[in-house]
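Novice: So the chains spell out like this:
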Amino acid sequence: QKEVEQDPGPLSVPEGAIVSLNCTYSNSAFQYFMWYRQYSRKGPELLMYTYSSGNKEDGRFTAQVDKSSKYISLFIRDSQPSDSATYLCAMSEPGANNLFFGTGTRLTVIP
Amino acid sequence: DGGITQSPKYLFRKEGQNVTLSCEQNLNHDAMYWYRQDPGQGLRLIYYSQIVNDFQKGDIAEGYSVSREKKESFPLTVTSAQKNPTAFYLCASSIYLGGTGAGANVLTFGAGSRLTVL
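Protein chains in written order, with the working numbering: chain A, 1 to 111; chain B, 1001 to 1118.
Please keep in mind that the hints were generated in silico from the structure rather than gathered at the bench. Some hints could be false.
Said to hold, decoys possible - Residues on chain A that point at chain B, a partial pick, calculated with CB under 10 Å:
{"#": "1", "residue": "Lys2"}
{"#": "2", "residue": "Val4"}
{"#": "3", "residue": "Gly16"}
{"#": "4", "residue": "Met34"}
{"#": "5", "residue": "Gly95"}
{"#": "6", "residue": "Gly104"}
{"#": "7", "residue": "Thr108"}
Only a predicted model underlies this, so the values are computations on that prediction, with no experimental measurement involved. Even glycine gets a Cβ: it sits at the ideal position worked out from N, Cα and C.
Construct the entire structure; sequences and hints are all you get.
Specialist: Rendered as structure tokens:
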């Protein structure tokens, strides 16, 4: 079993839709959770960073962590064609040198 | 602007050749990383370095080598021993957020280098 599981998609939604992207994980020691956005042929860029459980909002983006279920989500409200990208979740234990990444979900927002 | 510069962006190699991918950062980050990205497999760690003149193997270090002679630079050599080198290679550096031994490394990535073996 992989440490981090993420549905690869692809996921297609109409412009303006609410998008839900999810990851599950097996290591209960993970405390730090991140979402990266990667445009085609580019490096990933950090979108959201959260610690432990709870919600964090930044503009149209909301990151949610449910440690009891070992499940994290990224919600995108009022999705735009510019949101079309691959979204990678990542997580780590406190003090760890490395992150564990999901395989990424490819999202397309159709105008 | 602060960031990570990877070069070349595209590289073609014949079988049996070694190639070196460059990675330079001006973010003053201590830690640097090399990842390999293949379709459907996510990011896999090749090597990482926490300080100058020190580096550790990641999950898939076989067939790769690195050096860290300067804080700003972390080049990756893909040797002829790497059996399937065609991939997208990503360099990253990190800032450590949180308390000693209890925080997390938040990575900043370069734009990547795509290596194709002919």
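Novice: Now tell me, hint by hint, if it's right for this structure.
Specialist: So, going through the hints one by one against the coordinates:
| no. | hint | verdict |
| --- | --- | --- |
| 1 | Lys2 | holds, 9 Å |
| 2 | Val4 | holds, 8 Å |
| 3 | Gly16 | violated, 29 Å |
| 4 | Met34 | holds, 7 Å |
| 5 | Gly95 | holds, 4 Å |
| 6 | Gly104 | holds, 6 Å |
| 7 | Thr108 | violated, 16 Å |
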